[in-house]
Amino acid sequence: MSNFLEVKNLSVSFPTEDGLVKAVDGLSFSLEKGKTLGIVGESGSGKSVTSLAILGLHKGTRAQVSGEIFVNGVEINSKDESEIRNLRGKEMAMIFQDSLTAMNPFYTIGEQIIEAYQVHNKVSKSEAKKHAITMLDQVGIPEPHKRVDDYPHQFSGGMRQRAMIAMSLSCNPSLLIADEPTTALDVTVQAQILELLAGLQKDFGTAIILITHDLGVVSETADDVLLMYAGKAVEYGTVRDVLQQPQHPYAWGLLTSIPRLNGDPNKKLSAIAGTPPSLIDVPKGCAFNPRCSYVEQVGQACSTKTPELMPTSTDTHHLVRCHLESSNRQKIFTEQIRPKL
Amino acid sequence: MALPWITLAFLLSAIYSRLTRAGMIEVMSEDYVRTARAKGLSSRKVNSRHVLRGAITPIVTVFGLDLGALLGGAVITEYVFNVPGLGKLSTDAVSNLDIPVVTGTVLFSAFFVITANIVVDLVYSALDPKVRLK
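So the sequences go chain by chain: F and H. According to this note's numbering, the stretch in the first sequence is residues 1 to 341, in order. According to this note's numbering, the stretch in the second sequence is residues 342 to 475, in order.
It should be emphasised that the hints constitute simulated quantities derived from the structure, not laboratory data. Don't take every hint at face value.
As the list claims (entries may be wrong) - Here are a few chain F residues that sit away from chain H, every Cβ distance over 12 angstroms (derived from the structure):
(1) K90
(2) A116
(3) S126
(4) M167
(5) T183
As the list claims (entries may be wrong) - DSS-like cross-link-like pairs, simulated, lysine-lysine; straight-line CA separation at most 30 angstroms:
(6) K129/F with K471/H
(7) K59/F with K429/H
(8) K146/F with K429/H
(9) K305/F with K8/F
(10) K202/F with K268/F
(11) K122/F with K386/H
(12) K125/F with K35/F
(13) K471/H with K130/F
(14) K471/H with K146/F
(15) K429/H with K130/F
(16) K79/F with K386/H
(17) K90/F with K429/H
(18) K8/F with K90/F
(19) K79/F with K8/F
(20) K386/H with K125/F
(21) K8/F with K340/F
(22) K429/H with K125/F
(23) K386/H with K129/F
Glycine included, each C-beta is placed from N, C-alpha and C at the ideal position.
With these hints in hand, go ahead and build the complete structure from the sequences.
Shown next, in the form of structure tokens:
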């Protein structure tokens, strides 16, 4: 099956008074229908900026976008706003992070879903409202015929997030981008929402991009994982490869910093030293080199030459951006990292 | 009769267009405007339904104050164009030291200002769903 979404060499930068902020730098990935891609990375690593670029929402802003984005064979980046508009909502939809600010406080939940539905469907308002009630029912909102006339502030956080999902799904999109859909929610609601997304994916064959900080969420739901650091992909592969056989020192840092329930409660939590780099002044060479503990094993190259995203020796679909010798990397992983996982 | 109207309208339209512009620019960076664009709405619809809707509240506030002032007499305009109105009446009364008429016009203007403010408060509850009268 061919890829529904294909992103090739995407770069997004924002000119500011302090200089050019390279939010995304040469990112490539692809996604088939019915599959889920998890994009993981720290705040400011370019996850949200990437998803906005796919929807073409950087148009009309000062952002400079280069590269190619194919959604169902249609290239997004070269199209103008009016052409992309027909794709938004129907071919690709987005669940935004903060449902309180992402929903308009002046309109009822129903009105907002109706609006989304009527953009692509020529139906009467009463029919659209029926559809809105069905959608709310589908995402598990009790008494949807009553709640449809409520305003966003009358909903709880979890319910609002569901309403947001109902709105995004109202035109049955082929690609759904969920930007941290569960970050502000407690674990029970989080589990319900992830289950909901998985169910809808099964029913409609939707391709999902799941943007998250939470590696636990990724391991449960994603097929592929893209790990981002400072606007670049540092590791990309199947969820098994990336989470069980991680090859990049940044991935090691992330995975070993997860606290274990069965571990020693008095043990100090391990963390990656330092802070994420400024995107205006990204470190030369590998952007991770100032925080990496394996720099001395490589030497000069880390701070002078940017490593390429290369297949690991064992598996061609598992890509990693690191100067470490692959045999050495494997050795470090089995000897030092695996025992900690 | 048209000239005093134009004078008043001209003055106020400048204030309102600046106010609307500033308000709309601020609302454009709201997350819900991005959501509206992501739904596939045309930019005209995004602006009229979402951006303008969010920017209208401060405009209503200023309009209420202006409405009170206008009903209470546009003093200078009425004086310049010699329009018989509350403003003209009060300026004449002041120059003639006619205290009872001055008191009356001031009281009358105050009544309009307060009424306009009450109307604005009622309009708020219609505009913003979070403000609901019990």
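Of the hints given before, which are not true for this structure? Numbers 1, 2, 4, 7, 8, 10, 12, 15, 17, 21, 22 - these are the hints that the structure violates, sorted from lowest upward.
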